Amino acid sequence: MIFDPVFIRLKALFLDLCARFFPEWVVMLASIVISAVVILVMGPVIMMYLTLLERKLLGRIQNRYGPNRVGIWGLLQPVADGIKMFIKEDIVPAHADKIIHLLAPVVTVVPSLMVFLVVPFGNGMTAVNLNIGILYFVAISSITTIPIFMGSWASRNKFSVLGGMRAAAQMISYEAPMTLAIVPVIMASQTLATATIVESQGGGFGMNWFIFTPWGLLGFIIYFFCAIAECNRPPFDLPEAESELIAGFHTEYSGMKFALFYMAEYMNAFTLSAIAVTLFLGGWQGPFLPSWIWFFGKTFLLVCVMIWFRGTFLRFRVDHLMGFAWKFLLPLSLINILIAGLWFLTPAIAAWALTAGLVVASFFVFVKLNKTFVPEKRTYVLAD
Amino acid sequence: MVSLFREKTQRADGQVLEINFGPQHPSTHGVFRLHTLVDGETIREVKPVMGYLHRNQEQISENLTYTGFIGFTDRMDYINAIPNNFSFVLAAEKLAGIEVPERADHIRIIMAELARIVNHMAVVGFLLNDLGAAFTPLLYAFRERELILDIFEDLTGSRMMCNYFRIGGVKSDLSEQHLATIKKMAARLPKFLDEFETLLTNNEILCMRCQNTGILSPETAVNSGITGPALRASGVNYDIRKTDRYSLYGRFDFKVPLGKTGDVYDRYYVRILEIRESLNILRQAVAALPRGEFINKKTAAFIRSPRNFKPPVGEAYARTESPKGELGFYILSDGTPQPWRCHARAPSLINLSALETMCVGQKIADMMIILGSIDIVLGETDR
Amino acid sequence: MSGAGCGKEYGKFVKKSVPFFGWGVLCGLWVTLKNFITSYFRKPDEGGIFTVQYPEECLPDFEASRNFPFLVYDETPEKPRCVACGICERECPVKCIHVLMAKDENGKPLRRPAAFDIDYSLCMNCGNCEEVCPFNSIFMDHEHKIAAYDRKDLMRPMQKLLKSNSYFHSIRPRDAEAIDRAIKEAAEKKKAAVPAKPAPSPEAPKS
Numbered sequence: 001m002i003f004d005p006v007f008i009r010l011k012a013l014f015l016d017l018c019a020r021f022f023p024e025w026v027v028m029l030a031s032i033v034i035s036a037v038v039i040l041v042m043g044p045v046i047m048m049y050l051t052l053l054e055r056k057l058l059g060r061i062q063n064r065y066g067p068n069r070v071g072i073w074g075l076l077q078p079v080a081d082g083i084k085m086f087i088k089e090d091i092v093p094a095h096a097d098k099i100i101h102l103l104a105p106v107v108t109v110v111p112s113l114m115v116f117l118v119v120p121f122g123n124g125m126t127a128v129n130l131n132i133g134i135l136y137f138v139a140i141s142s143i144t145t146i147p148i149f150m151g152s153w154a155s156r157n158k159f160s161v162l163g164g165m166r167a168a169a170q171m172i173s174y175e176a177p178m179t180l181a182i183v184p185v186i187m188a189s190q191t192l193a194t195a196t197i198v199e200s201q202g203g204g205f206g207m208n209w210f211i212f213t214p215w216g217l218l219g220f221i222i223y224f225f226c227a228i229a230e231c232n233r234p235p236f237d238l239p240e241a242e243s244e245l246i247a248g249f250h251t252e253y254s255g256m257k258f259a260l261f262y263m264a265e266y267m268n269a270f271t272l273s274a275i276a277v278t279l280f281l282g283g284w285q286g287p288f289l290p291s292w293i294w295f296f297g298k299t300f301l302l303v304c305v306m307i308w309f310r311g312t313f314l315r316f317r318v319d320h321l322m323g324f325a326w327k328f329l330l331p332l333s334l335i336n337i338l339i340a341g342l343w344f345l346t347p348a349i350a351a352w353a354l355t356a357g358l359v360v361a362s363f364f365v366f367v368k369l370n371k372t373f374v375p376e377k378r379t380y381v382l383a384d
Numbered sequence: 385m386v387s388l389f390r391e392k393t394q395r396a397d398g399q400v401l402e403i404n405f406g407p408q409h410p411s412t413h414g415v416f417r418l419h420t421l422v423d424g425e426t427i428r429e430v431k432p433v434m435g436y437l438h439r440n441q442e443q444i445s446e447n448l449t450y451t452g453f454i455g456f457t458d459r460m461d462y463i464n465a466i467p468n469n470f471s472f473v474l475a476a477e478k479l480a481g482i483e484v485p486e487r488a489d490h491i492r493i494i495m496a497e498l499a500r501i502v503n504h505m506a507v508v509g510f511l512l513n514d515l516g517a518a519f520t521p522l523l524y525a526f527r528e529r530e531l532i533l534d535i536f537e538d539l540t541g542s543r544m545m546c547n548y549f550r551i552g553g554v555k556s557d558l559s560e561q562h563l564a565t566i567k568k569m570a571a572r573l574p575k576f577l578d579e580f581e582t583l584l585t586n587n588e589i590l591c592m593r594c595q596n597t598g599i600l601s602p603e604t605a606v607n608s609g610i611t612g613p614a615l616r617a618s619g620v621n622y623d624i625r626k627t628d629r630y631s632l633y634g635r636f637d638f639k640v641p642l643g644k645t646g647d648v649y650d651r652y653y654v655r656i657l658e659i660r661e662s663l664n665i666l667r668q669a670v671a672a673l674p675r676g677e678f679i680n681k682k683t684a685a686f687i688r689s690p691r692n693f694k695p696p697v698g699e700a701y702a703r704t705e706s707p708k709g710e711l712g713f714y715i716l717s718d719g720t721p722q723p724w725r726c727h728a729r730a731p732s733l734i735n736l737s738a739l740e741t742m743c744v745g746q747k748i749a750d751m752m753i754i755l756g757s758i759d760i761v762l763g764e765t766d767r
Numbered sequence: 768m769s770g771a772g773c774g775k776e777y778g779k780f781v782k783k784s785v786p787f788f789g790w791g792v793l794c795g796l797w798v799t800l801k802n803f804i805t806s807y808f809r810k811p812d813e814g815g816i817f818t819v820q821y822p823e824e825c826l827p828d829f830e831a832s833r834n835f836p837f838l839v840y841d842e843t844p845e846k847p848r849c850v851a852c853g854i855c856e857r858e859c860p861v862k863c864i865h866v867l868m869a870k871d872e873n874g875k876p877l878r879r880p881a882a883f884d885i886d887y888s889l890c891m892n893c894g895n896c897e898e899v900c901p902f903n904s905i906f907m908d909h910e911h912k913i914a915a916y917d918r919k920d921l922m923r924p925m926q927k928l929l930k931s932n933s934y935f936h937s938i939r940p941r942d943a944e945a946i947d948r949a950i951k952e953a954a955e956k957k958k959a960a961v962p963a964k965p966a967p968s969p970e971a972p973k974s
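Taken in sequence, the protein lines are chains A, B and C.
For the first sequence, counting from 1, position 295 maps to 295 in our numbering; every step adds exactly one.
For the second sequence, counting from 1, position 176 maps to 560 in our numbering; every step adds exactly one.
For the third sequence, counting from 1, position 75 maps to 842 in our numbering; every step adds exactly one.
Okay, chain A solo, but in the shape it has when bound (with noise of 0.2 Å):
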């Protein structure tokens, strides 16, 4: 395990060699800036080639190349769209909030930047180890409504403002059954702070991932689907639903402005994943490789599932959308906490047999009281 503490030995042998040349102050400095640096490059870097998975992908599942032009394999592309956001013309409506409009994408990009604080990218490699760190993950996540909905606001666009609106209602119904799915796993682990929260999934070679107890695949998936809605993904993709209302609450943004809620996006899309990793697939732990592989292959899993997501399905329409968060979603991650109450105390094999019964019959009622959401069964006349 030679790579696993790579980055941490390299900035230590930073700071050593600072602390030869100059006072302590500038020590803790250096380390807080390398840290932020860090963070800050790694952000639009991830997102850059997010969004080229993204177009791979979907172009595979669509049999064709994605970007292939740029460089080989295409892996200029981002650069070259990056290129081209920052010489387009900025555009802004003549009737638009000017200053409103102008804040809105760059308070968008900071909380998505403020959560990658608290994400353990590897063993020891948390930017700040918050004693509150998923706490403070909530509550950082649940701003971003407030700059998609000053943007959509201040754009004085119809399109705009109904986007802007189911943006701040689907993510205020969502944050409620998500923050109740991370209670199971703050109950198993019994910290707020993340790093803990996968030092607690550790031993079995690293395998005693939440993900394998009842509670935490209930957990994992109703977090799963609620973290796909707060980054506005399809099928959640109402708020910018391209078919309905053009492009939602960016649509009147260019250039660069636009460039940052796309950032925003992608880069929820990563911390998302990266918390479902940390909270339920175990974070860095895992057998043989290094920590930080460990998790970067986790969390770019995740995202490949976001991609596929996109690929195969269609977009809720508003009042399902609304319906699924507080009618199904909701109700499940309460039982589902009841569920991991009672994992402790119940031996394993009752307890997966109790949560299957209760997955079921929850199933079942929320069949029987959401006739919309079931399919009729339809017959066909075919006549002469």
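No lab work stands behind these hints: they were computed from the structure.
One or more hints might be untrue.
Taking lysine-lysine pairs in the DSS-like style, the calculated list, with each CA pair at most 27 Å apart, reads [what the hints assert, rightly or not]:
| hint | chain 1 | residue 1 | chain 2 | residue 2 |
| --- | --- | --- | --- | --- |
| 1 | B | 575 | A | 371 |
| 2 | B | 681 | C | 927 |
| 3 | C | 927 | C | 862 |
| 4 | B | 626 | B | 567 |
| 5 | B | 575 | C | 927 |
| 6 | C | 801 | B | 682 |
| 7 | C | 801 | A | 56 |
| 8 | A | 158 | B | 431 |
If you want the ones that stay clear, here's a sample from chain B, every Cβ over 12 Å from chain A, calculated [to be verified]:
| hint | residue |
| --- | --- |
| 9 | 428 |
| 10 | 439 |
| 11 | 523 |
| 12 | 568 |
| 13 | 604 |
| 14 | 661 |
| 15 | 671 |
| 16 | 677 |
| 17 | 684 |
| 18 | 689 |
| 19 | 701 |
| 20 | 744 |
Covered stretches of chain C, going by a simulated chain B footprint (3 or more residues, C-beta under 8 Å) [to be verified]:
| hint | stretch |
| --- | --- |
| 21 | 891-901 |
| 22 | 941-954 |
Computed from a predicted model, the values in this text were never measured in an experiment.
A virtual CB, placed ideally from N, CA and C, is assigned to each residue, including glycine.
Got chain A; can you put chains B and C on it based on the hints?
This is chains B and C only, laid out in the frame that chain A set:
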């Protein structure tokens, strides 16, 4: 802009919002405007505004020979050119009383059914895009469509603007090689349809979105003159291939799929079933293709000299079951090489007449899929 | 049900039912996953990658495919097959062909074009000119890379339109051979029936 809803937007509660969907909008299928009044997400009123793609085709026909105008009919419903040719040529033949050789009729039916498959695939694909899929079903459908368009190009010279039918027959003969390709296609498509249906038909999200949205009752459908799959999805058994038995459709054994509810889902699934029935006709027509002339010997000369085709003074109306509905051409002749008046009864235009009935009370997202499911092509709507 | 033409019901087609709620979504995921995997090794029409990398590779042309008209000459560009009869000009639905007959000093028509312009920006690729030409002179080309920066560049004069018979053979061998044979037979018949009657006089261009 002048509001179509002057009184209603000034209602005291101030809750309604007036939105223009289009003329530039990703899912209006061309330049088309939906002037809507929405209350939150709910549609209160819709006024379709068309005419942005008006190209004066009917007037153009008055200055062209009958053969010259066939190329223009291609441009009406540009997704599937062949049924337009079919309708116009039938009308011209009726006007002049021209017989069509059997082989030509068979070739016409083969091509028309291939065009129907192309159209329904494109429609289902675009409907899925309106539903929010990220191009996947559309590109799967276009993959197969491309293979059919290759047959078109090989035979007629053009992928989409075929200009293939001629008065008294068709322009060029179908060779053994073409037949082999068509047979291969007919064997391949059911497999593709099965895969396509696995992707879509039972998809819960699709069912949620499409079932019981945009219901068109059979009474409304008949009263507003709606034809084609949109009418049959409402359960009315009306297929001109069956009622008129024009060309040789009386000889082939095929069924007319009918829906019951008349919602978007039925319109989607009736189209899928129609593709299967079209394949049925295709197989029979390919098997029954007789030897002989591909164009009436007397009218073959009109290809070389279109101005010699002077139908007698009179009028004729011929209609066919185009993939979008009843496509009819009404021609008035004054004995000159040019039609005196030529009118197209375009299904795209008339099927739009019940749009408001279907949309009111539904959500904004539903309006787009309802528009997608009644299948309009703006080239035909505005002509 | 009321409504026009309610026919006898032939049979019922019942939709496949799903084992449980969510099955359809899982089936859809399976289809896309399958297509993703097969895109790496299958043939294009069996679930592999279907697109063509355009500038590097092109799909083969079909012999019958048509784009824009061109004129055929037999030996040298000075002697085109075209006799400037103006039939194509008259029958062109969009009127994109302009023909001017050459005349000698006395004003006698020379049966060859002095100018023959086709406006490619107007042409709608219908192929009617090819069908009506009695002298097998105008044909539809396969050339499709005709993009230009200026509309004027799409106005093709005769020098640019004239292409050799061997080029015609190279793009459409079947049609070209049939036409060559027909021309040869006509010439032999003409030679056999000496003194030949004069060739059909060109129709006067419409004013």
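These are the hints, each one checked on the structure:
1. A threshold of 27 Å between alpha carbons decides the hint, and for residue 575 of chain B with residue 371 of chain A the separation of about 33 Å lies outside it, so the pair is violated.
2. For the hint pairing residue 681 of chain B with residue 927 of chain C, the CA-to-CA distance comes to about 37 Å; that exceeds 27 Å, so the pair is violated.
3. Distance restraint check for residue 927 of chain C and residue 862 of chain C: the Cα-Cα separation of roughly 19 Å lies within the 27 Å cut-off, and the hinted pair is therefore satisfied.
4. For the suggested pair residue 626 of chain B and residue 567 of chain B, the alpha carbons sit about 24 Å apart, so the restraint of at most 27 Å is met.
5. Between the alpha carbons of residue 575 of chain B and residue 927 of chain C the distance comes to roughly 48 Å, so the proposed pair goes past 27 Å and is violated.
6. Straight-line distance between C-alpha atoms of residue 801 of chain C and residue 682 of chain B comes to about 55 Å, which puts the hinted pair past the 27 Å bound.
7. A C-alpha spacing of about 16 Å is found between residue 801 of chain C and residue 56 of chain A, which places the hinted pair at or below 27 Å, so the restraint holds.
8. Between residue 158 of chain A and residue 431 of chain B the alpha-carbon distance is near 18 Å, which keeps this suggested pair within the 27 Å criterion.
9. With a closest Cβ-Cβ approach of about 14 Å to chain A, residue 428 of chain B is found to remain outside the 12 Å limit, as its non-interface label requires.
10. Here residue 439 of chain B stays apart from chain A, with its beta-carbon at least about 26 Å from theirs, past the 12 Å limit.
11. The claim that residue 523 of chain B is not at the interface with chain A is violated, since a C-beta of that chain comes within 12 Å of its own (minimum 4 Å).
12. The non-interface label for residue 568 of chain B is consistent with chain A: the shortest C-beta to C-beta separation is roughly 19 Å, beyond 12 Å.
13. Taking the minimum C-beta to C-beta distance to chain A, about 20 Å, the non-interface status of residue 604 of chain B holds against the 12 Å cut.
14. For residue 661 of chain B, the shortest C-beta to C-beta distance to chain A comes to about 8 Å, within the 12 Å cut-off, and the non-interface label is violated.
15. Consistency note on residue 671 of chain B: stated as away from chain A, and its beta-carbon is indeed over 12 Å from all of that chain's, at 21 Å minimum.
16. Chain A leaves residue 677 of chain B outside its interface by the beta-carbon criterion, the shortest separation being 32 Å against a cut-off of 12 Å.
17. For residue 684 of chain B, the non-interface assignment is confirmed: its Cβ lies about 37 Å from the closest Cβ of chain A, beyond the 12 Å cut-off.
18. Non-interface status of residue 689 of chain B relative to chain A is upheld: no Cβ of that chain comes within 12 Å, the nearest being about 44 Å off.
19. Chain A leaves residue 701 of chain B outside its interface by the beta-carbon criterion, the shortest separation being 26 Å against a cut-off of 12 Å.
20. Every CB of chain A is more than 12 Å from the CB of residue 744 of chain B (nearest about 16 Å), matching its label as outside the interface.
21. Figure legend: the stretch 891-901 of chain C, annotated as covered by chain B; annotation consistent (8 residues with Cβ-Cβ distances under 8 Å, at least 3 required).
22. For the stretch 941-954 of chain C, the proposed coverage by chain B is not satisfied: 0 residues have a C-beta within less than 8 Å of a C-beta in that chain, short of the threshold of three.
Violated hints, in rising order: 1, 2, 5, 6, 11, 14 and 22; the structure is consistent with all others.
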